[in-house]
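K.L.:
As a plain string of letters, each chain reads:
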Amino acid sequence: MAAMLEINGITVRYGAIEALHNVSMSVDEGDVVALIGANGAGKSTLLKAIVNQVSLQEGSISFKGEVVSTAEKHKKSVPTHLLSQRGIALVPEGRHVFADMTVEENLDMGAFLVKDPVAVAKKKEEMYDFFPILGARRKQKTRSLSGGEQQMMAIARALMSSPHLILLDEPGLGLAPLVVQDIFNKIHLINQQDKVTVFLVEQNARMALKASNKGYCLENGNIVLADSSDALLRNDKVRAAYLGE
Amino acid sequence: MTTLIQYLQYLVNGITLGSIYALIALGYTMVYGILKFINFAHGDILMVGAYTGLLTYTALLGESTNPVWMLTAFFIAMLVSMAFCAALGMFIERVAYKPLRNASRLAPLLSAIGVSFILSNGAAWIFGAQSRRFPYPFDNTPIVIAGLSITPHQILTVTVSVIMMVVLTLFVNKSRMGKAMRATSIDQATSELMGIDVNKIISMTFAIGSALAAVGGILSSFDFRVYASMGTMTGLKAFVAAVIGGIGNIQGAMLGGLILGVLESIGAPLLGIPSALRDTIAFAALIIILLVKPDGILGKNEREKV
Ligand SMILES: Nc1ncnc2c1ncn2[C@@H]1O[C@H](COP(=O)(O)OP(=O)(O)OP(=O)(O)O)[C@@H](O)[C@H]1O
Ligand SMILES: [Mg+2]
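Protein sequence lines, in the order shown, are assigned to chains F and D. Take the first sequence: its position 86, counted from the start at 1, is 86 in the working numbering, and no numbers get skipped. Take the second sequence: its position 36, counted from the start at 1, is 36 in the working numbering, and no numbers get skipped.
The set of hints was computed from the structure by calculation and includes no laboratory data. Just so we're clear, the structure is a prediction, and the values are computed from it rather than from any experiment. Warning: the hint list may mix true and false statements.
[What the hints assert, rightly or not] Capping the alpha-carbon separation at 25 angstroms, the derived lysine-lysine pairs in BS3-like fashion look like this:
#1 F:K237 x F:K64
#2 D:K200 x D:K174
#3 F:K141 x D:K36
#4 F:K64 x F:K76
#5 F:K73 x D:K98
#6 D:K300 x F:K141
#7 D:K200 x F:K115
#8 F:K141 x F:K115
#9 D:K293 x F:K141
#10 D:K174 x F:K139
#11 D:K174 x F:K141
[As the list claims (entries may be wrong)] Counterexamples of contact, computed for chain D against chain F with all Cβ distances above 12 angstroms:
#12 T56
#13 T58
#14 P135
#15 L156
#16 V167
#17 I196
#18 L236
#19 G272
[As the list claims (entries may be wrong)] Restraint ranges, calculated between C-beta atoms of paired labels, are given here:
#20 F:T102 x D:I113: 34 to 40 angstroms
#21 D:T169 x F:K210: 45 to 51 angstroms
#22 D:L4 x F:G174: 55 to 61 angstroms
#23 F:K122 x D:L170: 45 to 51 angstroms
#24 D:A59 x F:R143: 49 to 55 angstroms
Note that the Cβ used here is the ideal one computed from N, Cα and C, for glycine as well.
Chain F with its partners taken away, still in its complex shape (with noise of 0.2 angstroms):
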């Protein structure tokens, strides 16, 4: 069976500066699958191609069998507005909530494409069972809210559309130990209860190690490593470049 999410061999250019180079990987439905990388080794560019919110110079991207973006010219990739009815939802780096909306109106921005009022008021529901402390803050404006709370937040808005694919950029980013911890915690049950696939992006690499069960070495924009997250939490190369060992 073909993966779910497939990258063929793309190449992505900010002018002069190649961000990727003939990146290729995969994401197997069910799993949860982690990229890590230092500062500025391309992690969040990978996600934003896969999204669509940069174009590719080389290569194509497909999700559950269909190419969703392309270097080719004449074939169109699919605009990003369109991948989440598709069943992808990223979550962004710096969680990117609307901070002048409530926690409830962010809620309901997630589940744009759910015409169904009812469908929108059962999820919201399940959001504030899953993270209670959004529950609590649902009439507040979201600006509000501290760090690791923006970040919950951005994870329920993100699973209001009821992804199969949910795209984490830095979930970890600026945040207390406790905190990141909580999060993975959630993480895992996403994976685990709600069988959302989950594609991890980190610069804490033994967090997303640990979570995950297959791992991706970026450095400067190529994949250099690529093995199951246990041998990589074992391999020299990452204990010494990533894990501080």
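Dock chain D with the ligands against the given chain F, drawing on the hints supplied.
P.N.:
Structure of chain D with the ligands alone, referenced to chain F:
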């Protein structure tokens, strides 16, 4: 005592004028909120709205003097004008602004100035230089209450404006598309991730703003007549109102419009400014607000939490 009544009278007149400014200011502010761009052709849309309203109204009315039909015809004309301007607004965005979205920030601004000239010169060419009167669709004899005179036109203007603003506020805060519009003005890239078609939202924003301008144009044309360049000064003042209230902020545009209308109406007699120089008040207010609170009364100067 007489002066008190007189100032109350100025206040009533100012609120009327202000609600027209507010309707027009909303179009500037909503477009700015999403595209960070001042649509300088917005004033000319109100002129097109006034002409469309006037032509539809006179065509519908014919020779009739039936008071019920006069009012009905007027409201039908207003709806026709709103629909026409909404379509025109979307069309202008599509052909004159959208292709320039990734160009320098100056390009759409220049394009807007071009569109403004095309609209006002086009109207002068079609309708001539003569200004026309928009006849009142009712008997406009003022109602006098305790020395205060209020015309049916003033009642109509304030009522229609309030209804429009309430409907807009409900739309933006409660409806799915309205919330999507707010989300788009906060963060376009993230809105797209939610499945929001930003192009559609931008079209919708132009449609709503232009429809409100049509109403503003019609309501202002009873006092100021209908002519090709009527949108220039009123449009500019509505823009000033949007900046005073905090550009990009919908409540700000409403508030800024009212404040400006009242300032103009009361300021001139209070400061003894000859009414020919009344327009200076708006621009003086603009300069003061830019110096004291550059983001406008309801503008936010706090930065997003990252
Ligand atoms: N919009 C842009 N324009 C130009 N260069 C960019 C742009 N976005 C990213 N880059 C460059 O592309 C490279 C990869 O950036 P990217 O954001 O993908 O890295 P990252 O791995 O996510 O880093 P971080 O861990 O800091 O988030 C960097 O050199 C960055 O400076
Ligand atoms: Mg990044």
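K.L.:
Looking back at the numbered hints, which does the structure fail to meet, lowest number first?
P.N.:
Hints 1, 17, 23 are the ones this structure does not satisfy, whereas the remaining hints hold.
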